[in-house]
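Read off the chains here:
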Amino acid sequence: MSRNANSRGKHFYASDDSWDLPVDTQKKEEAGLLRRLFAAGIDFLVIVFLVMGPMSAVFQQHIGTDMSDSFALAEEGIAPQITFAMALIVVLMLAYFVLFQFYYGQTVGMMALRISISGNAGFGKSLLRSMIVIPAFPFYLLWIVEPLLLLFGKKPLLEQLTKTGTVVLTKIRTG
Amino acid sequence: MKKKEMPRMAYGLFILAGIFLISSCTAMILETSSQSIDGNVVQIPIKGVITGDGTGGLFESHGAVSSEIIKKINKVKETKKVKGVLFEINSPGGSAVASDEIAQAVKALELPTVAWIREVGASGAYWIASSADHVIANRMSVTGSIGVYGSYLEFPGLLGRFNISYNRLVSGKYKDLGVPYRELLPEEEELFQSKLDLLHDYFIGEVAANRGMEKEQVRELATGMFYLGSEALEIGLIDELGGKEEAMLYLEQKIGEKPHVFVYETQQGILDILANLVSHHGFQIGKGITSLVGEHGSVKIIT
Chain A
26 MSRNANSRGK HFYASDDSWD LPVDTQKKEE AGLLRRLFAA GIDFLVIVFL
76 VMGPMSAVFQ QHIGTDMSDS FALAEEGIAP QITFAMALIV VLMLAYFVLF
126 QFYYGQTVGM MALRISISGN AGFGKSLLRS MIVIPAFPFY LLWIVEPLLL
176 LFGKKPLLEQ LTKTGTVVLT KIRTG
Chain B
93 MKKKEMPRMA YGLFILAGIF LISSCTAMIL ETSSQSIDGN VVQIPIKGVI
143 TGDGTGGLFE SHGAVSSEII KKINKVKETK KVKGVLFEIN SPGGSAVASD
193 EIAQAVKALE LPTVAWIREV GASGAYWIAS SADHVIANRM SVTGSIGVYG
243 SYLEFPGLLG RFNISYNRLV SGKYKDLGVP YRELLPEEEE LFQSKLDLLH
293 DYFIGEVAAN RGMEKEQVRE LATGMFYLGS EALEIGLIDE LGGKEEAMLY
343 LEQKIGEKPH VFVYETQQGI LDILANLVSH HGFQIGKGIT SLVGEHGSVK
393 IIT
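Going down the list, the protein sequences come from chains A and B. Each position in the first sequence, counted from 1, maps to that position plus 25 in the working numbering. Each position in the second sequence, counted from 1, maps to that position plus 92 in the working numbering.
For the record, the hints were derived by calculation from the structure and aren't laboratory data. Using N, Cα and C, we set each Cβ at its ideal position, and we do this for glycine too. Mixed in with the good hints, there may be bad ones.
[Unchecked claim] What follows is a list of derived Cβ distance ranges for each label pair:
#, chain 1, residue 1, chain 2, residue 2, range
1, A, 163, B, 358, 40 to 50 Å
2, A, 186, B, 350, 54 to 64 Å
3, A, 120, B, 335, 45 to 55 Å
[To be verified] A few chain B residues that face chain A, going by a derived Cβ cut-off under 7 Å, partial list only:
#, residue
4, 105
5, 107
6, 115
7, 118
[Stated by the list, open to error] Going by beta-carbon spacing under 10 Å, a handful of chain A positions derived as facing chain B:
#, residue
8, 118
9, 162
10, 165
Could you put together the complete structure from these sequences and hints?
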């Protein structure tokens with residue numbers, strides 16, 4: 026058993042090195058909602074470790090225990106720092122998803138759950154697919170829309186727009 | 093693992109490391125001295141020698157800088173939820189001007205204020221403490237020392253022994269008053285003393301007004317003598333013997349609610365350290381240039 030990779034790094038498995046089957050024939054099974062959710066969960070943990078962890082000290086310093094402090098923050102002129110920190114978190118989250126999807130076709134969570142993007146996801150399409158992570162209107166509507174579409178067996182909106190898909194990497198055993 | 097896979101994995105690790113680095117560095121930069129006040133009572137430390145500019149080391153505390161303390165007091169004024177202020181004082185005094193600046197800012201606060209003197213709250217630090225509504229000290233705290241000094245070393249004799257002479261070139265006969273390279277003339281000493289007496293008079297007047305005492309009564313105490321807390325209570329320089337607990341009880345009584353203390357300390361973020369580094373080097377460079385050009389000895393007035 027050996028492992029081959031196409032130019033985009035998407036693996037498939039063959040019995041010997043002479044096999045060179047087209048990728049599409051290998052990946053037909055669309056990833057279900059549960060796999061995608063688990064993959065997203067793993068990606069979220071990665072983000073928490075890489076981004077939220079270091080930045081949490083900034084929020085702890087500037088935000089008190091009382092939620093009404095958020096208004097006091099605006100009065101005291103601290104809000105710009107919190108705004109900047111939040112904006113940077115979103116940018117870094119986007120960078121993580123876009124760069125991994127662009128280069129590997131998979132994020133760390135997707136690698137763990139053995140799912141990958143199908144179709145040509147260039148930089149622009151990777152960016153568009155990653156818009157779901159932005160915690161602002163109208164993007165957070167996708168947090169409801171995308172899972173509902175998957176639940177009813179439809180293709181998610183962002184995948185329809187980018188003409189890509191998310192498939193399960195299948196192993197082929199021959200001989 | 094094949095060699096080809098190594099660079100590909102490295103790219104992924106590079107992305108993850110880059111993201112972590114950016115978030116960590118940004119967090120360090122954003123953790124600056126700007127803080128959000130959380131509490132209805134703010135504790136402002138006044139520790140170390142009182143100065144106006146606070147030249148000090150990169151990482152160490154640089155004393156009680158009047159501009160920083162006044163900034164904190166102004167921030168307290170703007171924060172509506174703050175109901176009282178506790179000044180934690182542990183200072184031997186310092187610059188007369190800086191002490192007066194802080195004292196005026198304390199008096200201008202329209203909130204209940206308590207000065208809590210720790211080991212030392214003398215001279216300029218006592219000036220500040222007297223501006224608060226209520227002064228608390230430990231029975232063994234050192235306080236008082238209401239006086240001014242401008243003493244300095246002069247060594248014309250030492251220079252003479254090494255055949256070094258001081259060429260006096262001035263326009264304005266008192267321009268080099270206090271220069272250590274020559275003796276202080278009697279007339280100059282009188283002049284200098286009159287300035288110190290004037291400052292002393294200001295100091296006495298402020299303490300008398302702050303403590304509700306007669307000026308002459310304070311003048312009798314203002315020999316420069318320091319008093320222990322127990323003595324200070326007897327002569328009316330402080331209001332109560334005790335510590336932080338007593339200060340909190342007083343504030344609770346005044347503000348009508350349980351005090352939640354926020355200790356307002358200056359935190360040095362990485363930008364502050366970098367700024368200190370630049371100004372520290374700039375100061376050293378300037379000092380070096382000045383030493384080449386030559387500088388007059390300057391007399392400092394200390395309370």
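Okay, the hints, checked on the actual structure:
1. A beta carbon spacing of about 43 Å between residue 163 of chain A and residue 358 of chain B agrees with the range 40 to 50 Å that was offered as a hint.
2. For the pair residue 186 of chain A and residue 350 of chain B, the supplied restraint of 54 to 64 Å holds, since their beta-carbon distance comes to about 56 Å.
3. A C-beta distance of roughly 52 Å is found between residue 120 of chain A and residue 335 of chain B, which places it inside the suggested range of 45 to 55 Å.
4. Look at residue 105 of chain B: its Cβ only gets to about 11 Å from chain A, farther than 7 Å, so that hint breaks.
5. This hint holds: residue 107 of chain B has a C-beta 5 Å from the nearest C-beta of chain A, less than the 7 Å allowed.
6. For residue 115 of chain B, the interface hint holds, since its Cβ comes within 7 Å of a Cβ in chain A; the closest pair sits about 4 Å apart.
7. For residue 118 of chain B, the suggested interface contact is upheld, since its CB lies about 6 Å from the closest CB of chain A, less than 7 Å.
8. Restraint check, residue 118 of chain A versus chain B: the minimum CB separation of about 9 Å is within 10 Å; hint holds.
9. With its C-beta approaching chain B no nearer than about 25 Å, residue 162 of chain A sits outside the 10 Å limit, and its interface hint is violated.
10. With 10 Å as the threshold, the beta carbon of residue 165 of chain A stays out of range of chain B, its nearest partner Cβ sitting at about 22 Å, so the hint is violated.
When the structure is compared with the earlier hints, violations turn up for hints 4, 9 and 10 and for no others.
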